[in-house]
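Protein chains in written order, with my numbering: chain A, 899 to 1310; chain B, 899 to 1310.
It should be emphasised that the hints constitute simulated quantities derived from the structure, not laboratory data.
Only a predicted model underlies this, so the values are computations on that prediction, with no experimental measurement involved.
Among the hints, a few may not be true.
The list treats identical chains as one, so a pair stands whether inside a single copy or across any two.
Calculated pairs, DMTMM-like style, for lysine to aspartate or glutamate (alpha carbon to alpha carbon, straight line, at most 20 angstroms) [said to hold, decoys possible]:
{"no.": "1", "residue 1": "K1193", "residue 2": "E1178"}
{"no.": "2", "residue 1": "K1182", "residue 2": "D1201"}
{"no.": "3", "residue 1": "K1130", "residue 2": "D1034"}
{"no.": "4", "residue 1": "K1031", "residue 2": "E1001"}
{"no.": "5", "residue 1": "K938", "residue 2": "E1185"}
{"no.": "6", "residue 1": "K1182", "residue 2": "D1091"}
{"no.": "7", "residue 1": "K1171", "residue 2": "D1161"}
{"no.": "8", "residue 1": "K1084", "residue 2": "E1064"}
{"no.": "9", "residue 1": "K1017", "residue 2": "E1185"}
{"no.": "10", "residue 1": "K1031", "residue 2": "D1280"}
{"no.": "11", "residue 1": "K1226", "residue 2": "E1178"}
Protein chains: 2
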Amino acid sequence: MKKNCLIIGAGGVAQVVAHKCAQNNDVLGDLHIASRTVSKCDEIIASVHEKSAMKVDGVFKAHALDATDTAAVAALIRETGCEIVINVGSPFVNMSVLEACIETGAAYMDTAIHEEQDKICETPPWYGNYEWKRRDACKYANVTAILGVGFDPGVVNAYARLAADEYLDSVESIDIVDINAGSHGKWFSTNFDPEINFREFTGTVYSWQNGAWQSNKMFEVGHEYDLPVVGKQKAYMTGHDEVHSLSNRYPEADVRFWMGFGDHYINVFTVLKNLGLLSEQPVKTAEGQEVIPLKVVKAVLPDPSSLAPDYTGKTCIGDFVKGTKDGKPAEVFIYNISDHKDAYNEVGSQGISYTAGVPPVAAAMLIANGTWDVGEMANVEDLDPKPFLGLLNEIGLPTRIKDADGDRALTF
Amino acid sequence: MKKNCLIIGAGGVAQVVAHKCAQNNDVLGDLHIASRTVSKCDEIIASVHEKSAMKVDGVFKAHALDATDTAAVAALIRETGCEIVINVGSPFVNMSVLEACIETGAAYMDTAIHEEQDKICETPPWYGNYEWKRRDACKYANVTAILGVGFDPGVVNAYARLAADEYLDSVESIDIVDINAGSHGKWFSTNFDPEINFREFTGTVYSWQNGAWQSNKMFEVGHEYDLPVVGKQKAYMTGHDEVHSLSNRYPEADVRFWMGFGDHYINVFTVLKNLGLLSEQPVKTAEGQEVIPLKVVKAVLPDPSSLAPDYTGKTCIGDFVKGTKDGKPAEVFIYNISDHKDAYNEVGSQGISYTAGVPPVAAAMLIANGTWDVGEMANVEDLDPKPFLGLLNEIGLPTRIKDADGDRALTF
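Bound conformation, chain A alone (with noise of 0.2 angstroms):
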């Protein structure tokens, strides 16, 4: 049982996730939200106040934080009373985050994997390049530390767990797939922060296939699925932190990614990467500045926070789960369908922020009612995923299957 919501970031993720907060803040407390911009943390919680999305009257209060800086986040987390950390700011800051919530005991959540500024998709699996490292270190320390709890990773991963649980005896193969069929209106625009967008497709495509690692390149591997509501779409194989941890938990089964694509999509990204203008390595300009050409990128394209106001169409992300049922073969399609206008109606922010960041939020109710707080390092995985799919089916991201009984939204 803890209580006292730390959100560290002030993007378009965390704008969902201070809505949330706000809109429980009957079970989460006080409200801080920290950010190296300060700014930005107070329009999150203008916005908050202008939507009137308090449930009880309370604290929401902004702070500016260097996340990187560990004993500034431990001060931060004991100045606040904070017991829950739900870190939604850059990758980069996951460990320095996680360090600080070990030193006071407070619960920590993230929805991205670790990463270094100057390293892409390092020795699989990757969780255990950083965050593993310190399981060991959370148990001592009786931490809660739900890692990658946004949809994909997150959702998805609880997906699998539940199919694996109620569905099937055997669990042959995993894929996930992640349909973004919505208009955003610009000429390009990637849905969240361009720099990782991006870092996400340059390195090697991971899949765990036959009981091992398989390298693919970024759109060698491509399938047309057939989906709810968003209908056929072309997705490619794809690297993503849940085949690194589902893997680990299903040795036995395929564990895949899939990421919906458009040509438009494809082209710009092919340019831009033969260019070298996604590399994270900085190139000297002829009057001899160094700089490093993805965020030269990022800071020509459009703020993904901008494109919530004009963004209409929905999302499809789910988990194709196969393997045997009473000794046949089965399969279900575990998914969720999202709308970006009604996230932007409800939250501010469009459907793929809505996604990611609801998660968490329904991870730390968890926490705050004792049903997750574990008092160890957890995949989402790991965790029961009915009470988990339960909250969000109430909170904005209700759960449907399709399988051979039909299509139909699930309860628990």
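Take the given structure of chain A and dock chain B to it, following the hints.
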């Protein structure tokens, strides 16, 4: 009658100029080459000696020079006793070098219009913005200044004048077509300085039609040409220097410039331009660094001079000139074919640099022997084209013509 040449610049075109000057140092006298980075000058001189290019024993010296510093340029002109300056540095230094020539009495040549770092494609006629403002000063100082004496602008201006003088009674249109049908084998590269290359195409496409300036967008107007040697090629109406001087001499004619582009170039260009990566205006990264996107694009692209060893194929550049002859409609195509590999074997540069670098050396020789030492500012079409084209026939850029009488070499 003038002698001793100072070459300013040390890029691919300067390499060609250096070799061609060396091959004709009996006429041109002492040779000097100056650039901000003196090591690049040393490399060029070494390549001249490697090919034993000096026709007679003589001076060839390298100098460090900031060509934006008029006083420094003037001092070097005086120190070296150079009476001829071939400016093949960046187009940002034209006016400071011209000023130094006016001060010292040296003859001036360049191959591209002056540009300021922070402006693109200003009000037509472009020459009116900078160079022509010093026309009276040149005349007063009795300084020969030949503007734009590369291939295009340069040789194509002489072709237009030749067509008007010798093959037509009236001129209705001049369409200059520049096709590079060569292949450099890289995924993408520009053939000369990417910064200058892209700047040519990011602004308004000005053409002179129906007695007035017309504006189009890049890649808006395309035309397929069927040309000698290189065959059918798609070209697009493009803004270019020579349109701005030829329209002044032949205001009754339509004057257009067409450049060949493959779909791949257009795609890369379109992506970079639409994203804002070709902007010459600084942007600020999330980390607060001020960066000019175009300079970063330049930094990641191949150095054009690195293309030369593997470059194959040919260029075709020429003028379609239409009008009347003896009261009947008539058309001529006056053109040159150059070969990338031949250029590399002779001077160590690819064909694009070769076609740009040979003409100013021909012009320098005509200044040295007095023929073009006119003691005033001139665009190439203001000068007698025959000695120029005759000399080019001898030193590497032969002229051909295709008209009702067939396709044949021209002699002068």
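Against the structure, the hints:
Taking the shortest Cα distances, K1193 and E1178 sit within 20 angstroms of each other both inside one copy (8 angstroms) and across copies (17 angstroms). Taking identical chains as interchangeable, the C-alpha atoms of K1182 and D1201 lie at most 20 angstroms apart only when they sit on different chains, with a minimum of 13 angstroms there against 26 angstroms within one chain. For a Cα distance limit of 20 angstroms, the shortest separation of K1130 from D1034 qualifies neither inside one copy, at 45 angstroms, nor across copies, at 70 angstroms. In this assembly of identical chains, the alpha carbons of K1031 and E1001 lie at most 20 angstroms apart only when taken from the same copy (16 angstroms versus 71 angstroms across copies).
Only between protomers do K938 and E1185 lie at most 20 angstroms apart by alpha-carbon distance; the minimum there is 15 angstroms, versus 34 angstroms within a single protomer. In the homo-oligomer, the alpha carbons of K1182 and D1091 lie at most 20 angstroms apart only across protomers (15 angstroms), although the nearest pairing inside one protomer, at 24 angstroms, exceeds that limit. Taking identical chains as interchangeable, the C-alpha atoms of K1171 and D1161 lie at most 20 angstroms apart whether they share a chain (15 angstroms) or sit on different chains (18 angstroms). In this homomeric assembly, K1084 and E1064 never come within 20 angstroms of each other (Cα to Cα): the closest approach is 42 angstroms inside a single copy and 54 angstroms across copies.
When the C-alpha separation of K1017 and E1185 is checked against a cutoff of 20 angstroms, the pair qualifies only between copies, where the shortest distance is 18 angstroms, while the shortest distance within a copy is 26 angstroms. With identical chains, the CA atoms of K1031 and D1280 are at most 20 angstroms apart within one copy only, with a shortest distance of 17 angstroms there and 77 angstroms across copies. Taking the shortest alpha-carbon separations for K1226 and E1178, neither the intra-copy value of 48 angstroms nor the inter-copy value of 64 angstroms comes in at or below 20 angstroms.
Checked against the numbered hints above, the structure breaks hints 3, 8, 11 and satisfies the rest.
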